[in-house]
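Novice: Now for the letters of each chain:
2 protein chains.
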Amino acid sequence: MASEAIEKLIVALNRLPGIGAKSARRLTLEMLTWDTDEVRELADLMVDVKTRVRRCSICFNLTEIEPCSVCSDTRRDRSSVMVIDFIGDLLAFERTGLYRGLYHVLDGRISPLDGIGPEDLNISQLLHRLRQGEIREVILANGPTVEGDATAQYLSQCLTPFEVSVTQIARGLPVGSDLALADQVTLSRALEGRREY
Amino acid sequence: MASEAIEKLIVALNRLPGIGAKSARRLTLEMLTWDTDEVRELADLMVDVKTRVRRCSICFNLTEIEPCSVCSDTRRDRSSVMVIDFIGDLLAFERTGLYRGLYHVLDGRISPLDGIGPEDLNISQLLHRLRQGEIREVILANGPTVEGDATAQYLSQCLTPFEVSVTQIARGLPVGSDLALADQVTLSRALEGRREY
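Taken in sequence, the protein lines are chains C and U.
Offset between the first sequence (1-based) and my numbering: plus 515.
Offset between the second sequence (1-based) and my numbering: plus 515.
By construction, these hints were calculated from the structure, which means they are not laboratory data.
Treat the hints with care, since some could be wrong.
Just so you know, same-sequence chains aren't split out, so a pair can sit in one copy or run between any two.
Derived pair list, reagent style EDC-like, types lysine to aspartate or glutamate, alpha-carbon separation capped at 20 Å [stated by the list, open to error]: (1) Lys537 - Glu581; (2) Lys523 - Glu711; (3) Lys523 - Asp559; (4) Lys565 - Glu579; (5) Lys537 - Asp604; (6) Lys565 - Glu652; (7) Lys565 - Asp622; (8) Lys565 - Glu581; (9) Lys523 - Glu678; (10) Lys565 - Asp635; (11) Lys523 - Asp698; (12) Lys565 - Glu522; (13) Lys565 - Glu634; (14) Lys537 - Glu609.
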């Protein structure tokens with residue numbers, strides 16, 4: 516490569532998830548066609564996000580204010596807490612606009628193979644919230660994987676001492692999917708979870 | 516979205532080629548897991564590339580020095596110039612390590628539908644190089660598309676006054692491809708371009 520600066524940028528972009536060597540080259544060549552001010556703006560936004568965005572001390576949502584806009588929104592239902600594995604899951608639920616309760620981000624799933632145990636997740640902070648007594652329902656929205664299931668099972672045990680209703684979001688066929696192509700486990704969960712029509 | 520900084524970064528990343536809304540969200544969440552120093556390093560590399568990288572005044576290659584490392588390399592064959600449409604094509608040829616001559620980047624292809632005429636390409640600069648008298652062969656390596664063909668044809672007309680051999684890189688079946696799946700035009704070009712075995 517003709518330029519060390521180009522080479523370095525390609526290597527750095529290549530570290531991002533989903534950005535292979537070819538994409539990194541393409542992005543670098545694209546940025547070279549932008550105005551310097553445009554590239555500087557993007558670079559500043561990247562640093563901005565790191566310096567301005569924090570985790571909410573209550574629910575571990577991403578936020579610029581403390582507590583986050585969900586936790587401080589008085590119109591939301593403070594008796595319901597949805598437990599999710601990752602920030603991205605919270606954002607996905609917020610995009611639906613359907614859930615009006617609070618969240619709790621665990622920041623992971625129990626996974627012995629990866630050396631991730633319950634003590635690595637934000638579980639003690641969840642139990643601390645429950646001890647305040649305001650919460651009436653805990654909705655388990657862990658990912659539909661072996662690790663998500665293990666996490667949900669562990670949580671349900673932790674929650675037994677509390678007078679809260681513990682529910683789990685439905686497993687079933689994704690809307691718009693092809694029943695013939697669904698895997699056996701999804702089909703069996705869809706059957707188990709059948710409801711009065 | 517909980518944070519304006521996050522929202523702005525997603526919108527900015529979304530402007531990059533091949534980065535959709537989902538990828539932009541994913542990249543933003545990934546950067547939030549990096550150390551601030553790592554994000555700052557990537558941001559600095561982006562600005563660096565814009566401030567340090569220029570176009571070579573002779574061949575329009577990307578370079579930090581003037582003229583570029585190809586044009587100033589005395590071991591390269593200065594009697595041969597390969598004409599290519601875009602910088603990315605030059606980098607692709609350099610990666611093969613097989614071509615030892617010089618380049619000339621046109622920065623586009625003739626495309627009347629997009630309002631791109633010969634005057635928008637670096638053609639006069641190529642003719643200026645030819646008038647120096649050192650060049651003996653011009654290799655047309657324009658892209659194998661209608662626009663690339665139109666550009667090659669236009670160039671070949673411009674080159675008739677010069678005592679240079681004008682060649683074009685071969686059109687044919689890409690190595691490893693399936694003959695049964697090749698399109699008719701590629702097959703007919705492969706047949707036309709057949710060589711003694």
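Novice: Output the numbers, in ascending order, of every earlier hint that fails for this structure.
Specialist: 1, 2, 6, 9, 10, 11 and 13
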